Amino acid sequence: MRFRPVSLGEWLVVGLIFGLLVLMALPLSQTYYWVGSTDLEVEFVVTDAAGDEPVPGAILDIDSEGGFYEEREPRSFQIVLGPDGRASHVCRRSMCFGQDGLFTHTYAVHLPWWRFRISAKGFQTFGPTNLDDIEYRRAVRRNGPGKSRLVVPVSLHRNPTGPTGAPAQP
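Every letter in the sequence shown is one number past the one before it in the UniProt record's numbering, and letter 169, counting from 1, is 169.
Careful: at least some of the hints might be erroneous.
Computed spacing ranges between beta-carbons, pair by pair [said to hold, decoys possible]:
(1) 51 - 78: 25 to 33 Å
(2) 135 - 88: 16 to 24 Å
(3) 24 - 51: 54 to 62 Å
(4) 135 - 104: 16 to 24 Å
(5) 78 - 103: 44 to 52 Å
(6) 144 - 24: 29 to 37 Å
(7) 16 - 105: 31 to 39 Å
(8) 75 - 137: 20 to 28 Å
(9) 9 - 32: 35 to 43 Å
(10) 18 - 145: 36 to 44 Å
(11) 98 - 129: 19 to 27 Å
(12) 100 - 134: 17 to 25 Å
(13) 7 - 104: 38 to 46 Å
(14) 25 - 83: 53 to 61 Å
Think of the hints as simulated: they come from the structure by calculation, not from any bench.
Since we're looking at a predicted model, the values are computed, not measured.
Here a beta-carbon is modelled for each residue, glycine too, at the ideal position from N, C-alpha and C.
All chains, please: the whole structure from these sequences, using the hints.
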């Protein structure tokens, strides 16, 4: 069996096909880093630690130092939770960022720089706590195009009281 020599034209065709395959596969190996904005809804869900029942009328006190969203100036505000123990606030145009590639897809949102406390009649006060904490950063989820959501669950413990409703004596 004899092999015929490969012509220069055949080598060029093989090289051209190989080069095109490499060019087509190149984007698959790249990772793209991006920065954008999202409307972040921060929802607080407050329940009774003893029975997971909602705590209606709890008061959420927020001390904001601003952050990477529309409300950049420091301010303090208060939100009264509804009968379902929930309240939310939307932080418009919050900075988000991530990376996308063949095997990498990340998404993160800069949380507002809030210290918050939650109080309710008959319950121990929760906080103050920083919202920009790793626990909450990991809990942010995309909620449609240009929207994200963070649910902050809080369990309040009842105040220890005696039979008359006064604090129990140690």
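Subject >> Numbers of the earlier hints that this structure fails to satisfy, in rising order >> reply: Failing hints: none at all.
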